[in-house]
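Just so you know, the protein sequences line up as chains A and B, in that order. The opening residue of the first sequence carries number 169 in this note's numbering; numbering runs sequentially from there. The opening residue of the second sequence carries number 169 in this note's numbering; numbering runs sequentially from there.
Possibly wrong hints are sitting among the right ones.
Any copy, or any two copies together, can satisfy a pair, since identical chains are not distinguished.
To be verified - Derived SDA-like pairs (lysine to any residue); straight-line CA-CA distance at most 25 angstroms: (1) Lys607 <-> Ser172; (2) Lys607 <-> Glu579; (3) Lys171 <-> Trp204; (4) Lys171 <-> Ala576; (5) Lys659 <-> Ala392; (6) Lys171 <-> Gly213; (7) Lys618 <-> Ala449; (8) Lys607 <-> Gly674.
Derived by calculation from the structure, the hints in this document are not laboratory data.
2 protein chains.
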Amino acid sequence: MPKSHWAWGPEPAEPELREIARLFTEHTGLGEPDAWERPVPFSPGLVPASRVPVPALPFCTADPYERAVRTYGQAYRDLIRAYRGDFANAPDLVALPRDEDEIARLLEWASGQGVAVVPRGGGTSVVGGVEARFDGPSLCLDLGRMNRVLEVDRESQAALVEAGATGPEINAGLPGGLQLRFFPQSYEFSTLGGWIATRAGGHFATLHTHIDDLVESIRASTPAGMWESRRLPGSGAGPSPDRWLLGSEGALGVITRAWVRVHRRPVHKVSVPVRFAEWVAGVAAVHDLAQSGLHPANCRLLDAREAALTSGGDGRHALLIVGFESAVHPVDAWMSRALEIVSWHGGVAGAARQDQSQDQSQDQVWKGAFTRMPYLRNAYPGLGVIAETIETAVTWDRFPALHEAVMAEGEAGTTTCRLAFAYPDGPAPYYTIIVPAEKGAELEQWDDLKRRVSETVLRMGGTITHHHAVGRDHRPFYDRQRPDPFALALKAAKTALDPQGVLNPGVLI
Amino acid sequence: MPKSHWAWGPEPAEPELREIARLFTEHTGLGEPDAWERPVPFSPGLVPASRVPVPALPFCTADPYERAVRTYGQAYRDLIRAYRGDFANAPDLVALPRDEDEIARLLEWASGQGVAVVPRGGGTSVVGGVEARFDGPSLCLDLGRMNRVLEVDRESQAALVEAGATGPEINAGLPGGLQLRFFPQSYEFSTLGGWIATRAGGHFATLHTHIDDLVESIRASTPAGMWESRRLPGSGAGPSPDRWLLGSEGALGVITRAWVRVHRRPVHKVSVPVRFAEWVAGVAAVHDLAQSGLHPANCRLLDAREAALTSGGDGRHALLIVGFESAVHPVDAWMSRALEIVSWHGGVAGAARQDQSQDQSQDQVWKGAFTRMPYLRNAYPGLGVIAETIETAVTWDRFPALHEAVMAEGEAGTTTCRLAFAYPDGPAPYYTIIVPAEKGAELEQWDDLKRRVSETVLRMGGTITHHHAVGRDHRPFYDRQRPDPFALALKAAKTALDPQGVLNPGVLI
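Working from the sequences, and respecting the hints, build out all of it.
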């Protein structure tokens, strides 16, 4: 089914959306299911005329629908604009190159014409990373046709994958028994290149949390030529070239392929739900688990409200999911010790769940509640609620004060928290704030909320983003977070690689 | 005792050196103990006159001895020149600033005068990283007076440490029960700032192998101002500023302090020696351990000859040391599983050694054979042998061919190998090649050996350095290894931060 011009995934059926909306209102008291607003249907007239003649490159188009569905990412401020048929920032052109030669030709053409190039993977950015929010003509460089697993090295457990491959495409392309084991919430649509460009966070709650840790080498096309690092398990030869591209958000080059570290599919896998009467007791348990050296694959703490909304919790207990997995041995010793640690903090363990993931199709792995979540958001514009997610990371000493301050910002609606990742020196909390929408003023409302919460996060010592990236929405806060001399160096590096400044202007630099 | 003008540590006594030399010759058949050459004693006349008037900064000196002991690092090519009284490349000045203000004043003065600044920690570089091997005047910026632990955050297990603190100074400065657990062979003299600037490798054989993983934030003084990253357990806000300084080798700024992740001292610690009749069987065991998810703290494989020379091996068996450690729980389950895995490959386990490191003084931890090793090298110039160490990392699929090729390069003398670190996708082998010296032609001999082995490492798919850094000795090979557009970006970043090019010229850029 073709991608909807506004929704996560294909066009949703209205009855389903309204049922989601009804349940949501029942749980939270928010929204107006009876004042349901319908989306503006797509029509070519919604899309401004292209300002750029289509170049003589067979993989380029100015088709209005192709441009409309590539106008935005998936933030609420994207969703509501597309819902209302606002495609003012649609790219002038869309390119779907099939290989690096075509990308090189495209970059040459764009540099010569002064047309901005916005690289795009799954278009799941929630921070305005893929929107042409700048003056002048733009081209969306969609990597979707470069989606193959090119090579597998079983002995080193590594694979060479094209940047446009989505989560399911990567795992389907790997030979039986191997998986990348990287499951962000956007897994169904987001791509390897996008994960690298944004330093995405994935499956593991501890240890190898970011895609950074799974990358062995990267190849990128820049206006100054091909950037390719050597495949290495580790190196100390100068600053890591890969770490310059990780998080570069399309501003330094177009990532075309990467060698990634893959895993054998776990055959021993166990997870245990642990209930805590108090949130702070759960936090203390996560703190101790994170410093235990046990490295649980899962270690996610949901507050009572989040547990009730998403995981069938009773609304009174915080819920910690602890999980271990291994392809080579039972993990009972790890789990026993983890349960001892949580019991110090009054955690009450429920029944263990043994996942026999080798017997499951890969589809089932991600088609759980976690990756279904973005589909639920499709109901927000119709229902009249605004949702914003704020994720950060902060050292343990500062977390209680940060938590209190962020929760206070969402008082007008409902705010929930989960600890999505945990490090020895601090957690990565993830907040969802949902407030009633003021019809017609949603963008101002959302921008105001984003600004207030971002100010709070910065003031309390957090990072402006742990795994959602900077994009255009976090940019003012990112500028204050990063060291000034680093900004100077980054800008100089950008100018050397992209002298015409055509690569994703306004992002990072 | 003052540092010797040539040796590792203070001036060694000749009888001790000759005894080391005698044993070495007995084991290897190399060297001429009867043709013992004595070092040229230090005299101020060995040091060229300073070309720069001492600035009006009270922490600067042009004293010949202070300049002589800061002329070189600790490569064999450094050792032999100092032994023979060659201090042609002595810095014109030495500065010992006490704080960041003094560093800022120094950088301003140096930029204005066009005097090159070579930052120096312990001076233990084995790659020419701290030698003023360039035209024009130079100043050695010794961080030795900035050696304090400034702050400790017990809850987050992190500490703020000045860049000039050595291994023992850091651990002595941490409150009881906390340790950095970073023990490179140079631990006694090398410093936190040096480790960060060179991406040093430390204590852990798997997982957190490099100092990179232990760094929470870095502060550095640059001619363009102060660079300070936010203390964070994790972040996805653009490319990591810390990763730009990690491996920057003094070319982008002078690292002044860093927040590092510390550990509680392990109270459960066990290691087991495992013997293998065949080297390849030991390699296969390390491969499986590295992919097991067990993350042993120690997992070092010595070939039969290295085991005999350094660890009392029988000369016929390869020796694997597997170790686990924890501050919070016994590690028997981990060790049992690791020993099952090594047994698949015919490994025969010896008696387990339970370390009660909480009862040991910190001194004893590192004063083992491992950190005594550099002292043994003091005997080489007198004995007439040349030693070169080559360390790299390579994916598992390429390791057997690389190993064979490097071993062949050292045929003229004795070559030993250990796998120093192990990753899921490949090992980091460390080779020691010792050959008879041709008196008077040692530098040419060493340079030729370095060139041949480095060519081999690059050709076989390895990195030019896993944890010894690039410096001036690896530079030509590093230039071929790194992506060209990355070199362009790095150079632009350097120029933006250090427009006069005074920071460690010739390193990296």
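Now for the hints, and whether the structure bears them out:
Taking the shortest Cα distances, Lys607 and Ser172 sit within 25 angstroms of each other inside one copy (23 angstroms), while across copies they are farther apart (78 angstroms). Only within a single protomer do Lys607 and Glu579 lie at most 25 angstroms apart by alpha-carbon distance; the minimum there is 20 angstroms, versus 80 angstroms between protomers. In this homomeric assembly, Lys171 and Trp204 come within 25 angstroms of each other (Cα to Cα) only inside a single copy, at 22 angstroms, whereas the closest approach across copies is 80 angstroms. With identical chains, the CA atoms of Lys171 and Ala576 are never at most 25 angstroms apart, being 37 angstroms at best within one copy and 59 angstroms at best between copies.
Taking CA atoms no more than 25 angstroms apart as the test, Lys659 paired with Ala392 passes in both settings, with 15 angstroms inside one copy and 14 angstroms between copies. In the homo-oligomer, the alpha carbons of Lys171 and Gly213 lie at most 25 angstroms apart inside one protomer (18 angstroms), although the nearest pairing across protomers, at 80 angstroms, exceeds that limit. Within a single copy, Lys618 and Ala449 get their C-alpha atoms no closer than 29 angstroms, and across copies no closer than 57 angstroms, so neither meets the 25 angstroms cut-off. In this homomeric assembly, Lys607 and Gly674 never come within 25 angstroms of each other (Cα to Cα): the closest approach is 29 angstroms inside a single copy and 62 angstroms across copies.
When held up to the earlier numbered hints, the structure conflicts with 4, 7 and 8 and fits the remainder.
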